[in-house]
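There are 2 protein chains.
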Amino acid sequence: MKIGYLGPEASFTHHAVKSVFTNEEYIAFPTIPDCLEALAEGKVDRAVVPLENALEGSVPITIDYLFHDVDLHITAELISPIEQHLMVHPDNVDKWQEVTKIMSHSHALAQCHKYLYYRFRGIDLEPSTSTSAAAKYVSEHKEENVAAIGNSLAADTYGLKIVEENIHDFHFNHTRFVVLTSEKESELLSFEQDAEKSTLMVTLPSDDRPGALHQVLSAFSWRQLSLSKIESRPLKTGLGNYFFIIDVEKPVDGVLMQGAIEELEALGCTVKVLGSYRKHLLEPQK
Amino acid sequence: MKIGYLGPEASFTHHAVKSVFTNEEYIAFPTIPDCLEALAEGKVDRAVVPLENALEGSVPITIDYLFHDVDLHITAELISPIEQHLMVHPDNVDKWQEVTKIMSHSHALAQCHKYLYYRFRGIDLEPSTSTSAAAKYVSEHKEENVAAIGNSLAADTYGLKIVEENIHDFHFNHTRFVVLTSEKESELLSFEQDAEKSTLMVTLPSDDRPGALHQVLSAFSWRQLSLSKIESRPLKTGLGNYFFIIDVEKPVDGVLMQGAIEELEALGCTVKVLGSYRKHLLEPQK
Numbered sequence: 001m002k003i004g005y006l007g008p009e010a011s012f013t014h015h016a017v018k019s020v021f022t023n024e025e026y027i028a029f030p031t032i033p034d035c036l037e038a039l040a041e042g043k044v045d046r047a048v049v050p051l052e053n054a055l056e057g058s059v060p061i062t063i064d065y066l067f068h069d070v071d072l073h074i075t076a077e078l079i080s081p082i083e084q085h086l087m088v089h090p091d092n093v094d095k096w097q098e099v100t101k102i103m104s105h106s107h108a109l110a111q112c113h114k115y116l117y118y119r120f121r122g123i124d125l126e127p128s129t130s131t132s133a134a135a136k137y138v139s140e141h142k143e144e145n146v147a148a149i150g151n152s153l154a155a156d157t158y159g160l161k162i163v164e165e166n167i168h169d170f171h172f173n174h175t176r177f178v179v180l181t182s183e184k185e186s187e188l189l190s191f192e193q194d195a196e197k198s199t200l201m202v203t204l205p206s207d208d209r210p211g212a213l214h215q216v217l218s219a220f221s222w223r224q225l226s227l228s229k230i231e232s233r234p235l236k237t238g239l240g241n242y243f244f245i246i247d248v249e250k251p252v253d254g255v256l257m258q259g260a261i262e263e264l265e266a267l268g269c270t271v272k273v274l275g276s277y278r279k280h281l282l283e284p285q286k
Numbered sequence: 001m002k003i004g005y006l007g008p009e010a011s012f013t014h015h016a017v018k019s020v021f022t023n024e025e026y027i028a029f030p031t032i033p034d035c036l037e038a039l040a041e042g043k044v045d046r047a048v049v050p051l052e053n054a055l056e057g058s059v060p061i062t063i064d065y066l067f068h069d070v071d072l073h074i075t076a077e078l079i080s081p082i083e084q085h086l087m088v089h090p091d092n093v094d095k096w097q098e099v100t101k102i103m104s105h106s107h108a109l110a111q112c113h114k115y116l117y118y119r120f121r122g123i124d125l126e127p128s129t130s131t132s133a134a135a136k137y138v139s140e141h142k143e144e145n146v147a148a149i150g151n152s153l154a155a156d157t158y159g160l161k162i163v164e165e166n167i168h169d170f171h172f173n174h175t176r177f178v179v180l181t182s183e184k185e186s187e188l189l190s191f192e193q194d195a196e197k198s199t200l201m202v203t204l205p206s207d208d209r210p211g212a213l214h215q216v217l218s219a220f221s222w223r224q225l226s227l228s229k230i231e232s233r234p235l236k237t238g239l240g241n242y243f244f245i246i247d248v249e250k251p252v253d254g255v256l257m258q259g260a261i262e263e264l265e266a267l268g269c270t271v272k273v274l275g276s277y278r279k280h281l282l283e284p285q286k
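Sequences listed follow chains A and D, in order.
Mapping of the first sequence onto the UniProt record's numbering: position 80 corresponds to residue 80, and the numbering continues sequentially without gaps.
Mapping of the second sequence onto the UniProt record's numbering: position 70 corresponds to residue 70, and the numbering continues sequentially without gaps.
It should be emphasised that the hints constitute simulated quantities derived from the structure, not laboratory data.
Remember, it's a predicted structure, so these values are computed and weren't measured experimentally.
Since copy identity is lost for identical chains, a pair holds within one copy or between any two.
Here are the simulated BS3-like pairs of lysine-lysine, each with C-alpha atoms no more than 27 Å apart in a straight line:
#1 K229 with K272
#2 K101 with K142
#3 K272 with K43
#4 K114 with K43
Produce the entire structure from the sequences given, and follow the hints as far as they go.
What follows is the structure, encoded as structure tokens:
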């Protein structure tokens, strides 16, 4: 089976993929749309991309692309602990406290905001396209004495030395990755256990009368269908127009869920079912 | 009066500030937290930062910083049309179709995703810290034949030539900026007109029983208080824990709003009122 993932090599997504798919072919893609398009076009059998981080929130490009551009289905979610470390070229280990610049993905820089503020105030922070791209740059520019922030897989892959561990500001830092398929029904993988939950994308009626969202939530509430998440994203038709991503703690094929979805549609809502799937918790790296 | 804003010079925020504050002292800050901290510490009298874009959604760092780190109040919102243009160094106008790299803020690159995909597929896209930082780089590296994406103020400021106008993928692209003060009651400015609305930040009770959000919305719904926005953001205490940003189309001092807020608090919710304020629509640049 071919597994597409958000690269480059040594990314957090790569780590998640390696944790659950063994003896499969991994293919890295440079962006989330590239990875999702490859699945839609049948070039890979599964795609794995980040959906949400416990600190930074949802990954907008994943949600927007799944809503607007492709018709794909979530078949599993992978919850991975995220640990950010400060790393330098091995030749610069003795002078890491005098680094001239710190590079990482903007989310990783944000996750270490307080550490960087108190420890490296005034030092140039340079956003990179990924944490592992930052590690790669550091490995190739030892004369610059720059540091990268990233995971231990990136340090291993690019031969860097971790000089300070776990520099992220908040504990409980996890990222949700989703495993996507192009077909609604697909073979269950060995790690797909736990109770099923569902993710729906709901658009309110176009007349958008006040209280419509309350009505949507009522349809779930009186049936005692628990929502574990509700989030709005812009419809891109103008400020103030949103669709909603709703996670419900039940599979979509039950009588109550079917009833709720049918009633929402009868009320003029559009409901896109992203999938019913199982959660899988990953171990921390090393 | 000193007005702090998210810089650098020629940013979209700068444009918004110049549109409503005349004859005041403008001070640019490199990051949103720097700008908000300056206001909290009394170094400026107002701070202006972006809160939400019609395509990209909320600006997470603004919302999170207002929730977690400072006690500031919204006194007005500025709605500004956002137009993205492709610009090059004047010496490279004849060969702009062969640019080797296109630079801009990651949000601007995302807003022009389809244009770039169809027109410049495979060309290196480099994220910069702001659209105007990208324009500045292009003005200083004419030998590289690189292009920047940004607004016309950036083209003017850095002497670049716009070679393709309005390359953003979706029309109706606006950004909401908020004008913040450190005091709850502050003098109204001449542009603060229109009907008042309110922004609340609501945290559900810590036992977080299913349906609590539905209950919160009911408190507004049966009072016919219209919500123009509801959005969740991570509490940063673990995946699945959120607070909610709710915009209500009424000022916070009315009887019904006071009743709703008091009842939510009695139910165990925490309600932080970010302010009751007026909307101001800005003209497009030029």
